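Sequences listed follow chains A and B, in order. Under my numbering, the first residue of the first sequence is numbered 1474, with each subsequent residue one higher. Under my numbering, the first residue of the second sequence is numbered 18, with each subsequent residue one higher.
Keep in mind that the hints were calculated from the coordinates and are not lab data. Note that this is a predicted model, so its numbers are computed, not measured. Mixed in with the good hints, there may be bad ones.
What the hints assert, rightly or not - Across the chosen pairs, the derived CB separations fall in these ranges: (1) A:A1714 x B:G55: 54 to 62 Å; (2) B:S87 x A:E1651: 51 to 59 Å; (3) B:R86 x A:E1725: 30 to 38 Å; (4) A:I1768 x B:P90: 52 to 60 Å; (5) A:R1773 x B:R86: 38 to 46 Å; (6) A:P1758 x B:T154: 26 to 34 Å; (7) A:S1648 x B:P71: 20 to 28 Å; (8) A:D1707 x B:R95: 53 to 61 Å; (9) B:T154 x A:A1671: 54 to 62 Å; (10) A:L1841 x B:P29: 26 to 34 Å.
Beta carbons: idealized from backbone N, C-alpha and C, even for Gly.
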Amino acid sequence: MTQSRKISLCVPVLARVEGEGALDLEVHDGHLKTLRLRIFEPPRLFEKFLEGREYQEIPDMVARICGICPVAYQMSAVHAIEGVFGLAPGPWVRAMRRVFYCGEWIQSHSLHIHLLAAPDFLGYSNVSEMARAYPDVVRRGLALQALGNEIIRFFGGRSVHPVGARVGGFHRAPSQAEVAALREQVWAALPGAEALVAWTASLNLPDDPQDFVSVALRHPDEYPMNEGRIVSSDGLDISIADYETHFPEHQEPHSTALYTTLNRRPYLVGPLARLNLNLDRLHTPVREALGRTNIAFPSRNMFHSIVARAAEIHYALLEASRLLEDYTEPEASFVPAVPRSGIGYGCTEAPRGLLWHRYDLDTAGQVLHARIVPPTSQNQARIEADLRHSLETLGLDRDDETLCQQAEMVIRNYDPCISCATHFLTVRVERR
Amino acid sequence: MNPVRVLGIGSPVAGDDLGWRLAETLEQAGLPGYFPAGMVHVTLCDRPGSLLLPAMRGARLVILLDAMRSGAPPGTVRRLDMLELDDSTGLLSSHGFGVAEALALGRALEDLPPRVLIYGIETGQATSLPPLGDLVTLLWPTIIDDIRVCMKEPGVVPLAMESKQKSGGASL
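So here's chain A without its partners, still in its complex pose (with noise of 0.2 Å):
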């Protein structure tokens, strides 16, 4: 006896995923049959828009291609040209853009945690219903936002696709007093950060390990950002430029968005996996508020994501204040660029993870081909991992709405960025 039945869910939290998901399951005998997460991802897009462009106008392009990374899409854009021209912007540059990227670590973790993940471990189905027992924890969440959002408009010129940033450094340095402002805000959202790393440890998370393999950036002496070389937990230790050579993509029929591998296995990058590979480059004290957790990490609950982005909002918050300590004002916010032929990596860690960008370039440094791997598309393949021994743990009996909150609920754990078109994941659920 064949029983099909095909469920459309408008789905309001996985909204806020960040694009369109669909996700087909087919049953046979309670057995799992069929598994597929369909995504699109509009950043393949933008690899043919960047041909035949000159090199300063590619940061300003590739941060229209995420809403709420953007400054990833920079780094890892003007890194990789520099790669090509030789070109070292020097310590005061280094250090402004972690700062910079710190705002973006903050504002996008901040609203996950937030209006994303936290409603799922509470019982609600929105931020809303949240809001209205937890209001302290929101506002908390909301302010901490708001100050990641500030750090991007202070170098970028605005908080959603910036434009401050350049090859070879900013097109602005801020002014002393303008920098002590800032750190004034930084340093006065500490305690909460803090706290949230207390607060996100506390939930009633699932308890559910896996099996799973962590790639992320590691730096010699930090934890990571715009630099390192790729590691994973299994033993890589990989110049960022041999990337391709160990991470292959390949397509599959139902999906747009290409899947990566690692020794033909799916892995996680994101802020989960960054911990897990970089725990010893974290500062003291966020070591220490980890510590005071019931959680031992590394960890191979991928629930624990929500603690890890806490960590790192904490981290970021310290960090930034680090930097701007005893800020001067250079004499130039950039170093200029003389344009060469040649192939550029870039590598760095966007919110959601590992962020690869390559460029071939002309001599007058004219993009000829670019190629750009976004953590979605690598996490994509671990995802439906996920949702597989999720589902199949779950019991593949439920009824078809539990077995669509779950699914959701792991999804939206990863913080996928998918696309900024549509409201909706479809469910279709086939059972024989």
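With chain A held as given, fit chain B onto it using these hints.
For chain B alone, coordinates are given in the frame of chain A:
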């Protein structure tokens, strides 16, 4: 802090900038200058999401200009008080967390101005919209009235500003 804020909601993406263009046109037509200095401020908000709340904080009246899709002919203007807003309103959002969600969150947190008015403009193909000038002509008297009503509330116009008005500072 401007007691009246006119916020154009949207993004630079083609078709999602209607709220911006209307706000810009209202500003260029002299809306802030029609009232005493500092009373009315026009801002363009790029997909503000939850950041709509700080953008409105401290105001007595907020007028939101946003694209809407409810099946009405393109160019149809719908004026709503925030209290009337529900899921079926049809306000567009290029991200999931749009104006309706931000207002619901603000209501839950008791973090909203006393009055929020939403001017939803039915959108469609760019070519099927009436000229912006026609839309502004349509909106102008209603928005002026909205602001006048707000200004009559106690404490909205500072005393110094009131005496300036009486001496002929700005036309009302």
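Verification of the supplied hints:
1. A:A1714 x B:G55: 54 to 62 Å: Given about 56 Å between the Cβ atoms, the range holds.
2. B:S87 x A:E1651: 51 to 59 Å: violated, 44 Å
3. B:R86 x A:E1725: 30 to 38 Å: At 33 Å between Cβs, range holds.
4. A:I1768 x B:P90: 52 to 60 Å: holds, 56 Å
5. A:R1773 x B:R86: 38 to 46 Å: holds, 44 Å
6. A:P1758 x B:T154: 26 to 34 Å: Cβ of A:P1758 to Cβ of B:T154: about 59 Å, so the range 26 to 34 Å is violated.
7. A:S1648 x B:P71: 20 to 28 Å: Cβ of A:S1648 to Cβ of B:P71: about 24 Å, so the range 20 to 28 Å holds.
8. A:D1707 x B:R95: 53 to 61 Å: With Cβ atoms ~57 Å apart, the hint holds.
9. B:T154 x A:A1671: 54 to 62 Å: holds, 56 Å
10. A:L1841 x B:P29: 26 to 34 Å: holds, 28 Å
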